[in-house]
Amino acid sequence: MYWEKELETRDRADLATLQLERLRETARRAVRSHHYGKAWTDAGFHPEDIRTLGDVGKIPFTTKDDLRENWPYGFLAVPKDDLVRMHSSSGTTGRATVIFHTKNDVDAWTNLVARCMYMTGLRKSDVFQNMMTYGLFTGGLGFHYGAERIGALTIPAGAGNSKRQIQLMRDFETTAIHIIPSYALHLYTVFEELGLTPQKDTKVRMAFIGAEPHSEKMRKRIEEFYGFKAFNSYGLSEMNGPGVAFECPEQNGMHIWEDNFLVEIIDPVTLEPVPDGQEGELVMTTLVREGMPVLRYRTKDLTRILPGPCPCGRTHRRIERITGRTDDMMILKGVNIFPIQIEKKLMEIPGVGRNFLIFLEREGFNDLMHIKVEVERGFFDGELRHLEALRRRIVEELKSDILITPKVDLVEPDSLPKTEGKAVRVIDNRET
Amino acid sequence: MIAHQLSIFAENKPGKLASVTSVLAKAKVSIRATTIATADTFGVINLIVDDPKTAQEALTKAGMMVKLRPVLAILIDDKPGGLDRLTQLLFKEGVNVNNAYGFVLESREKAVFVVDVDQTEKAEKLVEKNGFRTLDTEALSAIEPFHYMKY
Numbered sequence: 001m002y003w004e005k006e007l008e009t010r011d012r013a014d015l016a017t018l019q020l021e022r023l024r025e026t027a028r029r030a031v032r033s034h035h036y037g038k039a040w041t042d043a044g045f046h047p048e049d050i051r052t053l054g055d056v057g058k059i060p061f062t063t064k065d066d067l068r069e070n071w072p073y074g075f076l077a078v079p080k081d082d083l084v085r086m087h088s089s090s091g092t093t094g095r096a097t098v099i100f101h102t103k104n105d106v107d108a109w110t111n112l113v114a115r116c117m118y119m120t121g122l123r124k125s126d127v128f129q130n131m132m133t134y135g136l137f138t139g140g141l142g143f144h145y146g147a148e149r150i151g152a153l154t155i156p157a158g159a160g161n162s163k164r165q166i167q168l169m170r171d172f173e174t175t176a177i178h179i180i181p182s183y184a185l186h187l188y189t190v191f192e193e194l195g196l197t198p199q200k201d202t203k204v205r206m207a208f209i210g211a212e213p214h215s216e217k218m219r220k221r222i223e224e225f226y227g228f229k230a231f232n233s234y235g236l237s238e239m240n241g242p243g244v245a246f247e248c249p250e251q252n253g254m255h256i257w258e259d260n261f262l263v264e265i266i267d268p269v270t271l272e273p274v275p276d277g278q279e280g281e282l283v284m285t286t287l288v289r290e291g292m293p294v295l296r297y298r299t300k301d302l303t304r305i306l307p308g309p310c311p312c313g314r315t316h317r318r319i320e321r322i323t324g325r326t327d328d329m330m331i332l333k334g335v336n337i338f339p340i341q342i343e344k345k346l347m348e349i350p351g352v353g354r355n356f357l358i359f360l361e362r363e364g365f366n367d368l369m370h371i372k373v374e375v376e377r378g379f380f381d382g383e384l385r386h387l388e389a390l391r392r393r394i395v396e397e398l399k400s401d402i403l404i405t406p407k408v409d410l411v412e413p414d415s416l417p418k419t420e421g422k423a424v425r426v427i428d429n430r431e432t
Numbered sequence: 001m002i003a004h005q006l007s008i009f010a011e012n013k014p015g016k017l018a019s020v021t022s023v024l025a026k027a028k029v030s031i032r033a034t035t036i037a038t039a040d041t042f043g044v045i046n047l048i049v050d051d052p053k054t055a056q057e058a059l060t061k062a063g064m065m066v067k068l069r070p071v072l073a074i075l076i077d078d079k080p081g082g083l084d085r086l087t088q089l090l091f092k093e094g095v096n097v098n099n100a101y102g103f104v105l106e107s108r109e110k111a112v113f114v115v116d117v118d119q120t121e122k123a124e125k126l127v128e129k130n131g132f133r134t135l136d137t138e139a140l141s142a143i144e145p146f147h148y149m150k151y
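These protein sequences, in sequence, are chains A and B. For the first sequence, my numbering assigns the number 1 to the initial residue and increments by one for each residue that follows. For the second sequence, my numbering assigns the number 1 to the initial residue and increments by one for each residue that follows.
No lab work stands behind these hints, which were simulated from the structure alone. Cβ atoms here follow ideal geometry from the backbone N, Cα and C, with glycine treated the same way. Heads up, some of the hints might be wrong.
[Claimed, not checked] Calculated pairs, DSBU-like style, for lysine-lysine (alpha carbon to alpha carbon, straight line, at most 35 Å):
hint	chain 1	residue 1	chain 2	residue 2
1	B	Lys26	A	Lys399
2	A	Lys300	A	Lys407
3	B	Lys61	B	Lys13
4	B	Lys16	A	Lys345
5	A	Lys344	B	Lys92
[Stated by the list, open to error] So these bits of chain B aren't anywhere near chain A, every CB distance computed over 10 Å:
hint	residue
6	Lys26
7	Lys28
8	Val44
9	Asp51
10	Glu57
11	Lys61
12	Leu68
13	Asp78
14	Lys92
15	Glu121
16	Asp136
17	Ala139
18	Ala142
[As the list claims (entries may be wrong)] Not the full set, but computed from the structure, chain A residues with beta-carbon under 7 Å of chain B:
hint	residue
19	Leu410
20	Glu412
21	Leu416
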């Protein structure tokens with residue numbers, strides 16, 4: 001039932017002692033990096049200022065902008081030679097953040113993913129099919145290594161190619177899958193097209209879902225369609241990737257591994273901590289990472305700590321599924337997209353007017369991006385073919401930048417609603 | 001002679017054409033001919049009107065994106081083979097037509113064929129040399145009373 005019983009069920013006071021020790025060690029390591037060395041000197045903070053866990057509040061926050069400004073090596077606390085792996089946040093040119101790992105970092109990460117998967121019931125005897133994109137994205141390799149650590153037979157299927165996925169599931173009697181929730185719903189329709197039912201025609205008994213926000217309703221739907229248990233997972237590349245927080249068999253909140261991460265929930269406006277149970281922004285500190293320690297990282301994800309102990313016996317607190325973001329990042333098919341990227345690209349294209357509006361829609365089981373773009377008045381020469389060429393160019397340029405093929409409509413100048421102050425760029429019509 | 005066609009950008013949605021004609025009605029502009037070209041969610045409304053300048057101003061003031069495009073309004077015989085004589089000429093001379101439409105002036109007598117081509121002036125010289133008459137905007141607006149007098 002437990003991957004590491006002693007650590008997972010350690011009493012809170014002992015866990016706090018371990019956290020303090022690891023936090024102090026992490027701060028001492030981090031100050032060797034270019035970024036923290038400078039930022040902490042500027043802020044008048046010294047690692048030895050940490051005497052209690054409460055002193056974490058003295059450490060300046062770290063933001064995604066800090067990571068970008070220090071691209072690529074400004075956060076390294078070890079020589080480059082000690083690194084064995086790099087990953088990058090999903091998304092795109094110019095906005096990517098890079099995370100580096102030493103051998104011990106990859107080991108610790110792998111162990112956490114194994115801990116999560118074991119907790120939900122994955123065992124050595126299982127056949128695990130990983131339907132995530134391999135590559136820079138952490139979701140593919142992270143789960144792959146975790147499953148191998150447990151000893152399960154791991155099929156690196158990668159994303160897409162639905163018929164082959166189903167074939168693999170049937171040929172090798174897959175018992176567990178890792179899948180993006182919207183893709184799980186789509187894959188079900190492919191089962192139907194083939195005249196198959198997952199319950200009868202496969203041996204899959206559990207799924208790990210994540211990399212994309214989804215509601216409890218959506219999880220229930222996936223579970224009903226497939227007749228298996230689907231476990232919610234939370235992770236971000238800045239904190240390794242998958243394996244940060246995961247549901248236990250209770251399926252009521254995700255245990256966030258407090259021996260590896262120091263967790264704070266803050267009010268995103270006052271930046272003060274909020275009590276357990278109250279919603280706020282999740283702020284995280286790595287407690288064991290060597291290569292690239294990140295302290296008080298503002299995830300921009302909104303959630304709350306579920307108060308009270310979990311019947312499963314684990315003492316690590318649980319976070320609720322992510323309820324939103326404090327910034328305007330969109331997640332579509334597992335890809336992180338900021339409206340500013342789309343704006344930047346659009347404004348480079350001659351003929352594009354001042355305003356645009358992004359709609360996120362769910363069509364069947366697919367998430368779609370639909371963008372209305374105002375045409376520049378001077379561009380219009382009365383010829384439909386020139387408009388059509390502009391539309392196609394917008395689609396192509398965005399596709400190569402954000403990796404999603406949007407549906408683009410051209411609209412009249414000044415026809416889109418204008419807002420006072422910060423423009424509303426995104427309307428999310430996906431049911432949640 | 002060169003005539004002018006109004007081209008109006010239009011999202012493909014109910015009421016768009018009605019809003020164009022409403023503006024033109026208020027501006028007392030008379031419409032001679034119209035075509036609409038669409039590409040899925042948007043398109044272009046093309047109009048031949050009696051007073052293109054007034055129409056353009058009124059539509060622009062109403063927030064629409066409007067362009068005056070030079071076109072050739074060519075007088076043809078409204079009888080079998082009338083249009084064919086013209087199109088065969090354009091084909092023979094390699095004139096590419098982007099858009100074209102026609103309307104009848106006098107039943108079984110005269111019609112006007114409007115063509116939107118890449119090189120308007122060159123095409124104009126070509127058709128006139130071959131015995132066709134082209135109408136300019138003034139001629140187009142003048143023909144209407146004549147048209148009604150027949151009845």
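Structure-based check of all given hints:
1. B:Lys26 x A:Lys399: The hint is violated at about 44 Å.
2. A:Lys300 x A:Lys407: holds, 28 Å
3. B:Lys61 x B:Lys13: holds, 21 Å
4. B:Lys16 x A:Lys345: The hint holds at about 30 Å.
5. A:Lys344 x B:Lys92: violated, 48 Å
6. Lys26: Lys26 (chain B) is indeed farther than 10 Å from all Cβ atoms of chain A, at 19 Å.
7. Lys28: Its Cβ never comes within 10 Å of chain A, the nearest being 23 Å, so this holds.
8. Val44: violated, 5 Å
9. Asp51: holds, 18 Å
10. Glu57: holds, 14 Å
11. Lys61: The claim holds: Lys61 (chain B) sits with its nearest Cβ about 13 Å from chain A, beyond 10 Å.
12. Leu68: violated, 8 Å
13. Asp78: holds, 27 Å
14. Lys92: holds, 24 Å
15. Glu121: holds, 17 Å
16. Asp136: Holds: least Cβ distance 18 Å, greater than 10 Å.
17. Ala139: holds, 21 Å
18. Ala142: holds, 24 Å
19. Leu410: holds, 5 Å
20. Glu412: Because about 6 Å separates Glu412 (chain A) from the closest Cβ in chain B, which is inside the 7 Å limit, the hint holds.
21. Leu416: violated, 11 Å
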